[in-house]
Amino acid sequence: MSESAAGGPVESEPGRLVEVDPWCWEIPKSGEMRVPGRVFADREFIEHAQNEEALDQVRNVACLPGIEMASLAMPDIHWGYGFAIGGVAAFRIDDGIISPGGVGYDIACGVRLIRTGLSVPEVLGTAPDLVHELSRSIPAGVGRHGKVRLNNRELDQLMVRGVPWAVSRGYGWQADIDAIEDGGVLDGADPGVVSVRARERGFAQSGTLGAGNHFVEVQRVDRIFDQAAADAFGIFKDQLCIMVHSGSRGLGHQVCTEFVKIMGGAAARAGINLPDRQLACAPISSREGRDYYAAMACAANFARTNRQVMTHLVRQSFEYIFKSSAESLGLDLVYDVSHNVAKFEEHEVGGEKKQLCVHRKGATRSFPAGHPDIPLKYRAVGQPVIVPGDMGTASYLLKGTETAMERSFGSTCHGAGRVMGRRAARKLIRGSELRKRLESQGITIRAVSTSGLAEEAPEAYKDVDKVVDVCQNAGLSHKVARLRPLGVVKG
Amino acid sequence: MFHVFFRLEDSLKAFEIMDHTADIGIRAFGNTEAEVFQNAAIGMFSLIAELENVQEISESSIEVEAEDFETLLVAWLNELLYLYDSNDLLLKRFELLELGETSLRGIAYGEPMDAKRHKLKTDIKAATYHMLKLRKKNGGLQAEVIFDV
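As given, the protein sequences belong to chains A and B, one line each in that order.
Heads up: the first sequence begins at 1 in this note's numbering, then just goes up one per residue.
Heads up: the second sequence begins at 492 in this note's numbering, then just goes up one per residue.
Check before you lean on any hint, since a few could be wrong.
Covered, in the sense of this in silico footprint (three residues per stretch, anywhere, with C-beta under 8 Å from a C-beta of chain A), are these stretches of chain B [said to hold, decoys possible]:
#, stretch
1, 551 to 562
2, 620 to 634
Some but not every residue of chain B turned toward chain A, in silico, with C-beta under 7 Å [what the hints assert, rightly or not]:
#, residue
3, 508
4, 510
5, 515
6, 569
7, 573
8, 574
9, 577
10, 616
11, 617
12, 637
13, 639
Ranges of calculated distance between the beta carbons of each label pair, as one might list FRET restraints [said to hold, decoys possible]:
#, chain 1, residue 1, chain 2, residue 2, range
14, A, 153, B, 552, 25 to 31 Å
15, B, 550, A, 29, 51 to 57 Å
16, A, 433, B, 594, 45 to 51 Å
17, A, 29, B, 556, 37 to 43 Å
18, B, 544, A, 372, 54 to 60 Å
19, A, 47, B, 504, 42 to 48 Å
20, B, 541, A, 136, 21 to 27 Å
21, B, 504, A, 21, 45 to 51 Å
22, B, 556, A, 273, 23 to 29 Å
23, A, 43, B, 629, 37 to 43 Å
24, B, 549, A, 32, 28 to 34 Å
25, A, 30, B, 559, 27 to 33 Å
26, A, 152, B, 594, 25 to 31 Å
27, A, 273, B, 523, 30 to 36 Å
In short, the hints are calculated from the structure, not lab data.
For glycine and all other residues, C-beta sits at the position ideal for the given N, C-alpha and C.
Can you make the complete structure from the sequences, with help from the hints?
Given below as structure tokens:
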């Protein structure tokens with residue numbers, strides 16, 4: 001990891017990219033960069049990132065004030081707007097910045113895994129009915145409204161109190177709260193800084209899946225890599241599980257849109273030279289910086305609550321199909337992670353403990369065993385990390401590591417990472433053919449939009465097995481179990 | 492549908508789609524600034540839904556301000572996305588009543604979406620500033636905007 005580590009550059013221009021080890025590549029400091037860039041990737045992934053100029057984005061982030069250690073990227077890195085997707089950057093509180101572009105438009109987009117006490121071979125015949133029922137009960141697709149109707153006061157409470165508020169309103173169980181990052185509520189949320197426009201986009205969308213890469217999947221645990229951790233997470237071979245991938249919907253999008261605009265001016269006033277307008281940011285301690293954090297926390301709480309309401313709908317669907325209570329079916333929440341968020345965390349850098357604002361844009365927190373922010377029931381094992389793959393392949397349950405604390409501010413990958421544009425995917429793959437192909441593999445598909453389905457084809461993504469292996473080899477996370485889809489509900 | 496993509500009077504393309512690994516962008520054309528703004532908006536809504544069945548039933552007034560002319564384009568598109576997402580409105584025709592360097596006034600025509608009649612395609616979260624371009628080209632004007640989808 002040291003800057004002087006041996007290794008040959010893979011580019012013709014010497015010094016631009018240095019192989020630290022087969023799983024980590026360093027972009028040495030040059031020009032305006034305040035710290036080096038560091039990308040966790042094998043040779044194939046680093047070449048892909050180079051080709052689509054994602055490395056320039058890692059360099060640009062390294063130029064931002066107060067950045068600590070390095071501008072990092074995970075193996076699922078791909079070109080984003082401003083910050084690369086798969087980027088992790090930590091900023092000092094006193095002289096650092098906070099950036100809405102370093103979080104993304106879909107604030108606290110994330111994944112949760114719900115386990116069951118059911119073994120797939122016993123219930124395989126019911127899987128298509130289950131997928132159908134989930135698609136009926138969970139509103140999905142472009143602009144769909146949810147079943148939760150909120151007034152302004154209730155939306156305020158939701159944004160401040162997050163999942164515990166939803167549970168108090170009957171959406172879920174007390175035990176769910178403990179199995180969500182931050183206990184389902186990010187502190188510091190202030191609805192006073194969430195605009196009327198953001199509220200208007202949020203009112204109708206609580207408990208809705210959305211479109212794009214969001215999904216609800218019925219999955220089967222097909223491999224266990226770490227039996228002790230799987231036992232601790234309540235996971236067993238052939239178990240039926242449900243994975244929910246969604247975010248903060250229009251409310252989060254509007255918060256990001258407004259603060260990128262506001263911070264364009266704020267950065268200029270603070271004398272920050274932006275290599276890319278989309279990197280708009282403000283000092284953490286400034287009015288704009290504090291307001292953004294407070295609004296982002298509201299959107300994060302909205303996102304977690306959104307996944308919570310969908311969990312409630314999942315449980316209702318199971319009760320309808322299996323004619324049994326969700327409790328007796330063992331529909332417990334394993335964990336819920338947010339992979340687009342900025343948070344204040346304590347990290348050790350150069351032997352010194354520091355409070356940092358860690359931005360993860362398409363990266364997942366991966367805290368090790370013993371960390372106080374992990375629920376007690378998992379503390380001896382490590383934080384569950386959930387990595388959604390693509391429809392035709394697999395998703396993963398991992399656990400956090402000590403090495404992640406040392407190398408990546410306790411972070412690992414967030415998914416497979418796209419390799420193909422949406423239009424290119426639509427040209428190459430017909431949604432109807434993809435549906436047939438997946439159904440011939442025993443995967444039931446319920447998608448509102450067929451062209452949207454094609455955009456999310458497995459071919460459009462990196463191989464999730466490889467991404468997760470690179471993370472393991474780099475020490476950022478350890479594999480616990482792999483899950484394969486039996487059914488997919490998409491917008 | 493033809494008129495959505497081409498202006499028949501001079502066969503100049505109104506917009507084209509640009510692919511991007513995770514997201515999608517449009518390149519909009521026009522003889523005037525107002526035309527580029529209109530075509531960018533049509534391009535954006537063409538990504539969201541098939542527009543041919545969309546009727547001009549509703550009328551929304553729009554006022555937007557920004558730091559400069561380039562960011563005004565992004566602000567305009569984001570304001571239209573807010574209308575779409577908060578009111579479930581599909582918009583297909585746009586009039587610019589005033590278009591200055593840092594502010595504009597306009598009207599957008601369309602109708603509330605109806606899943607039975609309208610073919611919905613892609614959800615767009617926002618218009619971004621990433622690689623934003625607005626420049627003179629081949630005697631006309633051209634704008635490039637990347638959306639987060």
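Query - Which numbered hints fail - result: 8, 19, 24
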